[in-house]
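Kindly produce the complete structure, drawing on both the sequences and the hints.
There are 2 protein chains.
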Amino acid sequence: MKQKRQNAILKIIEEMCIRTQDELSDQLQRRGFDVTQATVSRDIKELCLLKKQTAGGSRYTAPEKEGFRESVGKVHSIFQSAVKTVDYAMHTIVIRTLAGMADAAAITLESMEWPEILGTIAGDDTVLVILRDAETAKMIADRLSGMLK
Amino acid sequence: MKQKRQNAILKIIEEMCIRTQDELSDQLQRRGFDVTQATVSRDIKELCLLKKQTAGGSRYTAPEKEGFRESVGKVHSIFQSAVKTVDYAMHTIVIRTLAGMADAAAITLESMEWPEILGTIAGDDTVLVILRDAETAKMIADRLSGMLK
DNA sequence: AAAATTTTTTCATATTTATTCCTCCTTTTG
DNA sequence: CAAAAGGAGGAATAAATATGAAAAAATTTT
Chain A
5 MKQKRQNAIL KIIEEMCIRT QDELSDQLQR RGFDVTQATV SRDIKELCLL KKQTAGGSRY
65 TAPEKEGFRE SVGKVHSIFQ SAVKTVDYAM HTIVIRTLAG MADAAAITLE SMEWPEILGT
125 IAGDDTVLVI LRDAETAKMI ADRLSGMLK
Chain B
5 MKQKRQNAIL KIIEEMCIRT QDELSDQLQR RGFDVTQATV SRDIKELCLL KKQTAGGSRY
65 TAPEKEGFRE SVGKVHSIFQ SAVKTVDYAM HTIVIRTLAG MADAAAITLE SMEWPEILGT
125 IAGDDTVLVI LRDAETAKMI ADRLSGMLK
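So the sequences go chain by chain: A and B. Positions in the first sequence are counted from 1; adding 4 to them yields the working numbering. Positions in the second sequence are counted from 1; adding 4 to them yields the working numbering.
Do not take every clue at face value.
Derived pair list, reagent style DSS-like, types lysine-lysine, alpha-carbon separation capped at 25 angstroms [said to hold, decoys possible]:
| id | chain 1 | residue 1 | chain 2 | residue 2 |
| --- | --- | --- | --- | --- |
| 1 | A | 69 | B | 15 |
| 2 | A | 55 | B | 6 |
| 3 | A | 56 | A | 15 |
| 4 | B | 49 | B | 15 |
| 5 | A | 69 | B | 49 |
| 6 | A | 8 | A | 49 |
| 7 | A | 78 | A | 15 |
| 8 | B | 15 | A | 56 |
| 9 | B | 6 | A | 88 |
| 10 | B | 6 | A | 15 |
| 11 | A | 6 | B | 55 |
| 12 | B | 55 | A | 69 |
| 13 | B | 55 | A | 78 |
| 14 | A | 69 | B | 142 |
| 15 | B | 78 | A | 142 |
| 16 | B | 55 | B | 78 |
| 17 | B | 55 | B | 15 |
| 18 | A | 142 | B | 56 |
| 19 | A | 55 | B | 88 |
| 20 | A | 15 | B | 142 |
| 21 | B | 78 | B | 6 |
| 22 | A | 15 | B | 55 |
| 23 | A | 49 | A | 78 |
| 24 | B | 56 | A | 6 |
| 25 | B | 56 | A | 55 |
| 26 | A | 56 | B | 56 |
| 27 | B | 6 | B | 49 |
| 28 | B | 78 | B | 8 |
| 29 | A | 49 | B | 49 |
| 30 | A | 49 | B | 55 |
| 31 | A | 6 | B | 15 |
| 32 | A | 88 | A | 55 |
| 33 | B | 49 | A | 55 |
| 34 | B | 6 | A | 6 |
| 35 | A | 49 | B | 142 |
| 36 | B | 56 | A | 49 |
| 37 | A | 56 | B | 78 |
| 38 | B | 56 | A | 69 |
| 39 | A | 88 | A | 15 |
Bear in mind the hints are in silico, worked out from the structure with no lab data behind them.
Encoded structure:
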């Protein structure tokens with residue numbers, strides 16, 4: 005059902021201007037999908053929909069770059085399964101991974117394209133991440149830790 | 005000041021992951037721009053920034069398509085200055101414009117790419133807009149009327 | 001340079017969106 | 001099969017964003 009509903013969402017936002025999640029859940033109701041705004045919010049996140057400005061209001065649209073949608077979830081889960089701990093010192097972050105997974109973890113990090121990350125160095129089970137300064141290191145370390153749950 | 009600030013915003017969101025408007029106004033504060041979230045909200049709207057999903061949260065980014073930002077406001081104002089009244093009947097909308105401006109109004113309509121609009125026909129001071137059905141006509145007419153204020 | 005007009009901003013909210021916590025299913029496993 | 005485990009979704013609510021109205025600042029006019 006979820007799959008079907010998300011397809012319906014993609015179809016709907018292509019055919020009409022959807023400006024709020026309530027509007028979208030209304031439209032879904034009409035098509036027999038009985039969902040609340042909460043579910044729509046989750047769907048929108050999973051589909052990576054964008055809310056774009058247009059003359060006379062904003063509107064949800066699909067991301068132009070194909071394949072983008074799929075990758076976001078995967079990056080997250082590769083990172084989760086490879087990483088054991090995240091710690092930081094000075095302007096660097098040290099990530100410990102399962103044996104042999106450091107490279108994979110580093111690659112997913114790079115793919116996120118976080119501008120705060122100057123670079124990464126991967127050994128066998130350790131990734132060193134270089135940030136601009138200590139403050140940024142703490143912030144990003146927290147964010148990475150957050151991704152583990 | 006506004007101009008400068010908006011440039012600063014573009015620079016900031018390129019250099020670091022900005023996830024909320026509060027975060028952005030904090031960063032602006034640090035750079036000497038003393039603004040509240042309300043102002044940031046309006047700036048984001050004017051700059052047509054997007055909030056993108058990324059692994060581990062979402063983030064504001066600049067639109068990829070250059071020139072897109074500038075056009076949104078202009079479309080709006082051309083429409084405003086050309087159009088006198090918006091009315092509807094059945095599944096069509098009738099827009100009355102200043103003499104000779106119907107074509108311009110129709111072109112701005114088309115440029116909005118609203119999927120509900122099947123097509124437009126422009127005379128000298130009248131544009132006929134064809135929608136899918138009466139209900140849609142009412143809705144879009146309301147939205148167009150809203151653009152006049 | 002004072003007055004008038006327009007633009008920008010803030011404050012206070014309204015609106016919209018995300019999340020937490022719980023329930024109900026479905027699937028897996030012992 | 002029963003219990004455990006995981007996903008999906010809703011209700012309530014927290015968090016984030018947008019907006020109306022008034023004030024302040026900037027600009028133009030007289």
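Taking the earlier hints as the rules, which of them does this structure contradict? 9, 10, 14, 15, 19, 31, 32, 34, 35, 39
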